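*Asks:* Each chain is listed here by its residues.
There are 2 protein chains.
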Amino acid sequence: MTIFDTTLRDGTQGEGISLTAEDKVKIALRLDALGVHYIEGGNPGSNSKDIEFFRRIREMNLKAKLTAFGSTRRKNSSCEQDINLKHLTESGAVAATLVGKTWDFHVHTALQTTLEENLAMIYESLAYVRNRGMEALFDAEHFFDGYKANPEYALAALAKARDAGAAWIVLCDTNGGTLPNEIQEIVSKVVSEINAPIGIHTHNDCELAVANSLAAVAAGARQVQGTINGYGERCGNANLCSVLPNLQLKMGYRAVSDEQIKMLTGVARYVSELANAHLPVNQPYVGNAAFAHKGGIHVSAIMKDSKTYEHIQPELVGNKQRVLVSELAGQSNILSKAQELGLNVNPEHAKSRIVIDRIKELEHQGYQFEGADASLELLLRDAFGDTQDIFTVESFKMMVEKTAAGMVSEAIVKLRVGGQQVYTVAEGNGPVNALDNALRKALMQFYPDINRIHLTDYKVRVLDEKDATAAKVRVLMESTDFKDTWNTVGVSSNVIEASWEALIDSIRYALLGMVKKDALADIPREELGLVNL
Amino acid sequence: MTIFDTTLRDGTQGEGISLTAEDKVKIALRLDALGVHYIEGGNPGSNSKDIEFFRRIREMNLKAKLTAFGSTRRKNSSCEQDINLKHLTESGAVAATLVGKTWDFHVHTALQTTLEENLAMIYESLAYVRNRGMEALFDAEHFFDGYKANPEYALAALAKARDAGAAWIVLCDTNGGTLPNEIQEIVSKVVSEINAPIGIHTHNDCELAVANSLAAVAAGARQVQGTINGYGERCGNANLCSVLPNLQLKMGYRAVSDEQIKMLTGVARYVSELANAHLPVNQPYVGNAAFAHKGGIHVSAIMKDSKTYEHIQPELVGNKQRVLVSELAGQSNILSKAQELGLNVNPEHAKSRIVIDRIKELEHQGYQFEGADASLELLLRDAFGDTQDIFTVESFKMMVEKTAAGMVSEAIVKLRVGGQQVYTVAEGNGPVNALDNALRKALMQFYPDINRIHLTDYKVRVLDEKDATAAKVRVLMESTDFKDTWNTVGVSSNVIEASWEALIDSIRYALLGMVKKDALADIPREELGLVNL
Numbered sequence: 001m002t003i004f005d006t007t008l009r010d011g012t013q014g015e016g017i018s019l020t021a022e023d024k025v026k027i028a029l030r031l032d033a034l035g036v037h038y039i040e041g042g043n044p045g046s047n048s049k050d051i052e053f054f055r056r057i058r059e060m061n062l063k064a065k066l067t068a069f070g071s072t073r074r075k076n077s078s079c080e081q082d083i084n085l086k087h088l089t090e091s092g093a094v095a096a097t098l099v100g101k102t103w104d105f106h107v108h109t110a111l112q113t114t115l116e117e118n119l120a121m122i123y124e125s126l127a128y129v130r131n132r133g134m135e136a137l138f139d140a141e142h143f144f145d146g147y148k149a150n151p152e153y154a155l156a157a158l159a160k161a162r163d164a165g166a167a168w169i170v171l172c173d174t175n176g177g178t179l180p181n182e183i184q185e186i187v188s189k190v191v192s193e194i195n196a197p198i199g200i201h202t203h204n205d206c207e208l209a210v211a212n213s214l215a216a217v218a219a220g221a222r223q224v225q226g227t228i229n230g231y232g233e234r235c236g237n238a239n240l241c242s243v244l245p246n247l248q249l250k251m252g253y254r255a256v257s258d259e260q261i262k263m264l265t266g267v268a269r270y271v272s273e274l275a276n277a278h279l280p281v282n283q284p285y286v287g288n289a290a291f292a293h294k295g296g297i298h299v300s301a302i303m304k305d306s307k308t309y310e311h312i313q314p315e316l317v318g319n320k321q322r323v324l325v326s327e328l329a330g331q332s333n334i335l336s337k338a339q340e341l342g343l344n345v346n347p348e349h350a351k352s353r354i355v356i357d358r359i360k361e362l363e364h365q366g367y368q369f370e371g372a373d374a375s376l377e378l379l380l381r382d383a384f385g386d387t388q389d390i391f392t393v394e395s396f397k398m399m400v401e402k403t404a405a406g407m408v409s410e411a412i413v414k415l416r417v418g419g420q421q422v423y424t425v426a427e428g429n430g431p432v433n434a435l436d437n438a439l440r441k442a443l444m445q446f447y448p449d450i451n452r453i454h455l456t457d458y459k460v461r462v463l464d465e466k467d468a469t470a471a472k473v474r475v476l477m478e479s480t481d482f483k484d485t486w487n488t489v490g491v492s493s494n495v496i497e498a499s500w501e502a503l504i505d506s507i508r509y510a511l512l513g514m515v516k517k518d519a520l521a522d523i524p525r526e527e528l529g530l531v532n533l
Numbered sequence: 001m002t003i004f005d006t007t008l009r010d011g012t013q014g015e016g017i018s019l020t021a022e023d024k025v026k027i028a029l030r031l032d033a034l035g036v037h038y039i040e041g042g043n044p045g046s047n048s049k050d051i052e053f054f055r056r057i058r059e060m061n062l063k064a065k066l067t068a069f070g071s072t073r074r075k076n077s078s079c080e081q082d083i084n085l086k087h088l089t090e091s092g093a094v095a096a097t098l099v100g101k102t103w104d105f106h107v108h109t110a111l112q113t114t115l116e117e118n119l120a121m122i123y124e125s126l127a128y129v130r131n132r133g134m135e136a137l138f139d140a141e142h143f144f145d146g147y148k149a150n151p152e153y154a155l156a157a158l159a160k161a162r163d164a165g166a167a168w169i170v171l172c173d174t175n176g177g178t179l180p181n182e183i184q185e186i187v188s189k190v191v192s193e194i195n196a197p198i199g200i201h202t203h204n205d206c207e208l209a210v211a212n213s214l215a216a217v218a219a220g221a222r223q224v225q226g227t228i229n230g231y232g233e234r235c236g237n238a239n240l241c242s243v244l245p246n247l248q249l250k251m252g253y254r255a256v257s258d259e260q261i262k263m264l265t266g267v268a269r270y271v272s273e274l275a276n277a278h279l280p281v282n283q284p285y286v287g288n289a290a291f292a293h294k295g296g297i298h299v300s301a302i303m304k305d306s307k308t309y310e311h312i313q314p315e316l317v318g319n320k321q322r323v324l325v326s327e328l329a330g331q332s333n334i335l336s337k338a339q340e341l342g343l344n345v346n347p348e349h350a351k352s353r354i355v356i357d358r359i360k361e362l363e364h365q366g367y368q369f370e371g372a373d374a375s376l377e378l379l380l381r382d383a384f385g386d387t388q389d390i391f392t393v394e395s396f397k398m399m400v401e402k403t404a405a406g407m408v409s410e411a412i413v414k415l416r417v418g419g420q421q422v423y424t425v426a427e428g429n430g431p432v433n434a435l436d437n438a439l440r441k442a443l444m445q446f447y448p449d450i451n452r453i454h455l456t457d458y459k460v461r462v463l464d465e466k467d468a469t470a471a472k473v474r475v476l477m478e479s480t481d482f483k484d485t486w487n488t489v490g491v492s493s494n495v496i497e498a499s500w501e502a503l504i505d506s507i508r509y510a511l512l513g514m515v516k517k518d519a520l521a522d523i524p525r526e527e528l529g530l531v532n533l
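For the record, the sequence lines run as chains A and B.
full-length UniProt numbering puts the first residue of the first sequence at 1, with every later residue one more than the last.
full-length UniProt numbering puts the first residue of the second sequence at 1, with every later residue one more than the last.
Check the hints yourself; a few may be wrong.
Note: identical chains are not told apart, hence a pair may lie in one copy or across any two.
[As the list claims (entries may be wrong)] Each computed DSS-like pair below joins lysine-lysine, with the alpha-carbon atoms no more than 27 Å apart:
hint : residue 1 : residue 2
1    : K250      : K49
2    : K397      : K414
3    : K307      : K189
4    : K307      : K360
5    : K86       : K360
Since the hints were made in silico from the structure, they are not lab data.
Everything numeric in this text was worked out from a predicted model, so none of it was measured.
Throw the hints in and build the complete structure from the sequences for me.
*Replies:* In structure tokens:
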């Protein structure tokens with residue numbers, strides 16, 4: 001079974017989903033590790049951000065086929081004159097998905113051309129990208145609506161794509177209005193009439209995108225297109241985080257390895273953090289509540305046998321059981337993380353119990369270590385006495401002022417470093433930058449390396465709290481030393497305090513020499529967008 | 001087709017979903033207006049809140065059948081001795097749903113009794129509530145797993161329920177692990193073997209709860225159980241907000257009237273607010289983005305005919321089309337938005353060109369209006385001279401200090417309101433809250449209505465900028481007057497200035513009387529989660 005991920009293209013059409021070129025590179029690397037077969041990176045003909053993404057990613061030697069998206073050529077024109085097709089073939093992608101019309105109504109109403117010209121557009125465009133050495137996929141837009149309206153024409157469009165040498169013909173339920181039994185019936189007909197590998201691309205407007213993908217597979221489709229967490233236009237695309245385990249763990253198809261599918265929960269949460277989109281706790285398979293059991297009868301039953309109230313073992317997709325009464329879960333994850341760091345942990349040991357309890361308490365307060373490995377590592381190393389004190393904060397003060405002359409941001413910090421009090425003031429572009437500058441100024445004489453550390457990303461989210469006065473914010477921060485990056489977290493009812501916490505963690509992490517080599521190590525200095533806010 | 005709503009019972013098992021007895025009464029009234037046939041109100045045997053709900057609701061003369069939930073009697077005992085069954089029959093509900101085991105594994109492992117005793121528990125318990133004048137429904141827990149493990153026993157349990165006079169036999173996919181084709185096959189067998197009305201109750205652990213409900217209906221089930229917005233344990237129950245329109249608008253079944261199904265969007269948003277659960281923008285049929293169009297090509301097509309990119313008319317379920325203004329879209333989006341606001345725009349007109357250029361320039365700077373309708377409307381109305389000046393900001397100053405004693409946030413604002421200078425200072429939980437409080441204090445004497453405006457959500461993200469010194473943040477803010485909500489945006493290299501911009505837009509929007517009625521109009525003040533950060 002072939003998995004085609006379009007998180008970076010169709011996923012970014014989702015309301016509120018916006019990814020930088022840098023975010024896209026990081027996500028592509030995670031998708032590649034997960035083992036998806038195609039990664040559609042964007043539309044190089046539509047915007048310069050996507051061109052930038054393709055330029056960066058093509059040096060990374062993905063195992064997946066890097067794919068660029070575009071449309072069939074403009075009507076009454078030629079492929080050679082089409083600027084979008086030119087950008088697409090110059091993107092460096094090894095495969096191209098071209099979307100074309102198969103619904104006669106759309107040819108007349110949206111495209112405003114003849115049925116014949118549309119067929120020529122499909123054939124010529126696919127042949128054009130093939131002739132330039134790319135694998136060609138045809139996205140048959142509105143195929144199911146088109147088939148219901150005019151089956152002969154819809155099939156004729158597919159036949160043109162096949163004749164032009166398309167490696168895959170992907171049937172799209174673009175408006176998301178088709179039901180599973182219709183999908184199954186129509187895909188069966190296509191499979192028997194069109195001799196080519198068939199894919200399926202569904203949307204979730206009826207809350208049926210996952211079911212429709214499975215129905216198409218049952219009828220003979222062998223490629224499923226979708227996005228992580230189902231991001232996408234309107235109600236989203238088919239959610240690969242559900243499609244993949246349904247196909248592999250329930251229906252017996254093989255798409256990725258057993259080890260790779262265990263990454264699913266991590267990938268889902270990682271992508272949601274980069275997209276700054278809340279991952280619903282109740283999301284199937286990967287949500288925090290997907291295997292959570294409230295007190296009472298269910299809990300006593302799962303204690304006897306987890307199969308009583310769990311449809312699969314949560315570990316198969318990298319998730320875990322949570323028992324909401326006694327937070328027994330999670331502990332094994334924390335222990336395995338600590339072992340990964342080479343710390344000598346034993347669950348029976350008093351010190352281990354203390355740090356586990358501390359992490360649970362922090363998670364309860366709203367900390368999330370999924371996107372903040374550096375903060376978690378600090379917490380563990382601190383607990384096991386594996387760090388030394390490098391400085392302590394006595395106080396800080398921050399002022400932002402707006403006058404007719406403009407904005408001024410100023411910060412004062414008082415630290416104790418090696419028995420000595422250091423008291424500095426600095427300006428910045430904004431409050432976090434001012435605090436960062438003041439901190440840097442205080443530490444520079446002791447740790448000249450601090451000059452290499454810079455903030456590269458900053459995200460703030462209000463946490464769900466029913467009690468109004470207790471509303472909290474979580475700040476996620478990413479830093480770099482121009483070779484590697486690391487992530488930290490802070491939580492407070494005050495956004496400045498939360499930022500300060502994440503900042504202190506970031507600097508301690510770097511000064512303690514904990515930075516790890518990562519996949520971005522090759523990105524030259526000038527490519528990284530720095531943040532001074 | 002019969003719709004059985006269990007939002008007030010199974011829905012409250014969802015993580016983070018918690019409803020007071022008062023909330024439940026309000027929701028029951030809305031469900032009754034929507035036209036569902038059964039309203040399961042809770043488990044009067046398990047908690048006093050549910051007893052209180054039944055006491056209040058039974059005076060309201062619902063058209064729907066008010067239903068109480070409970071289990072079959074305890075093993076090796078009698079119904080007369082069962083305190084839960086006693087509470088249930090005294091609840092005042094006209095119908096009772098009794099859940100019982102049909103999976104032999106559960107009888108042995110969870111219940112730890114014999115297969116024969118379990119059959120007796122089913123028969124006697126249903127007969128008991130029937131004899132006390134209630135309609136009896138049997139929830140066949142884990143029926144699909146049970147059928148797969150031991151079909152004879154699973155069917156024998158259903159036959160017992162039928163023989164005891166159950167009005168409905170409801171097949172439950174309790175663990176949510178069954179696939180639609182299995183559901184359809186097993187329901188078909190039950191329909192042919194058990195001569196009784198059959199219902200279906202599914203969970204969403206494979207993201208298939210809606211599809212599984214439809215598959216059961218296709219196989220002959222005539223009652224669907226579910227919850228508003230799919231709330232429920234783990235990944236939730238079948239979402240009635242999708243099941244109902246799929247059945248009625250797509251499959252031709254009649255469940256409620258055409259007028260009633262138009263209430264669906266309003267009910268979904270009302271319940272989400274009372275449950276203090278964020279309604280996902282991408283929720284099918286009822287979400288704010290369910291009929292939102294972003295891409296330039298899509299928008300120009302829906303202008304020609306909305307059927308090109310909409311699977312149903314949004315008005316059929318009480319939702320509406322939205323045209324999102326985004327970097328990917330063009331001027332046609334902006335024009336249609338202005339027309340929606342009743343502004344006289346003509347693309348050839350000089351004023352129109354100026355405002356379009358201004359919006360494009362702002363988007364280039366990083367503003368994003370798709371999540372900030374109120375800021376966009378202000379911009380358009382300001383450009384067309386459709387607003388008056390209500391105040392101008394001369395300066396503001398904000399301080400955050402951390403000492404050993406804790407955090408202090410303080411703000412000073414200097415405004416000019418109607419020729420008069422106003423100068424105020426206030427504290428807050430954090431910098432934005434302090435600024436908000438100072439602003440509020442300054443404006444209160446002129447606009448007492450400002451007390452009704454509150455911040456409900458706040459998001460910050462860093463924009464992709466290659467030039468380090470130009471890095472910017474975007475703040476998205478959501479506000480409420482306890483009747484309606486609106487969204488604003490601010491962009492700056494300084495997070496405080498960006499927050500200030502969004503705050504000023506929010507307050508101007510409300511004070512200029514631009515707030516639109518939306519589906520939340522009835523929610524009382526104390527029900528909303530506020531944010532003071």
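*Asks:* Output the numbers, in ascending order, of every earlier hint that fails for this structure.
*Replies:* 1
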